[in-house]
Amino acid sequence: MAMRRGSRSRDRRTIQRYDRGVLWTHYERPFRVPRKIALLIVVNGACLLAVLAGAVLLNEILKLRSDGVRTYGTSVRADSSTYTSYHSDGTTSMETKSYTDVSYVDNHGNRHLATVLDFHEVGERVLLVYHDGRPEMAIPVSQTSGYWIASSITIMVSGIGIAIAANRKIARHWYL
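Counted the way our numbering counts, the sequence shown spans residues 1 to 176.
Label-pair restraints from in silico Cβ distances:
1. Val157 with Arg111: 37 to 43 angstroms
2. Gly161 with Glu60: 20 to 26 angstroms
3. Pro34 with Glu60: 37 to 43 angstroms
4. Val56 with Val33: 25 to 31 angstroms
5. Leu23 with Asn44: 45 to 51 angstroms
It should be emphasised that the hints constitute simulated quantities derived from the structure, not laboratory data.
These numbers were taken from a predicted model, which means no experiment stands behind them.
The C-beta atom is built at its ideal place from N, Cα and C for all residues, glycine as well.
Generate the whole structure from the sequences, applying the supplied hints.
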């Protein structure tokens, strides 16, 4: 079996020393991280980032949901009505809108009267905040947070699964 020569000879250092009158020559190679260890670090790092991204997304969604519940406060009055919606293509449709008057607490701790409007046909929810008896701002409230929760959990589970599969494959092929 022939030994390979070439680039390997350049990255080692020749050390010569005398021991009992004999000149000994040996080569010292600089420390290098083995490829399998570097691959394990890269794969596990990428999977860890995926898990962290999913966890951060899940945390933000749950914070938004809890803020929404805390923000609406106590219900004052609830009612529903049906109205006609006119679309840009000339068609009309009957839609049901229910509303709930709540006391809204903003980020500064100030309490306002607000109305939560539920548009059932399109699945939208809007929070109308009043100031001095007039609507001051409309805050859209997402109804699709369940989808994002499922997505963030999927990201975390897939990151863990990829890490386990990659570690097993690397360990099987390169006897660690």
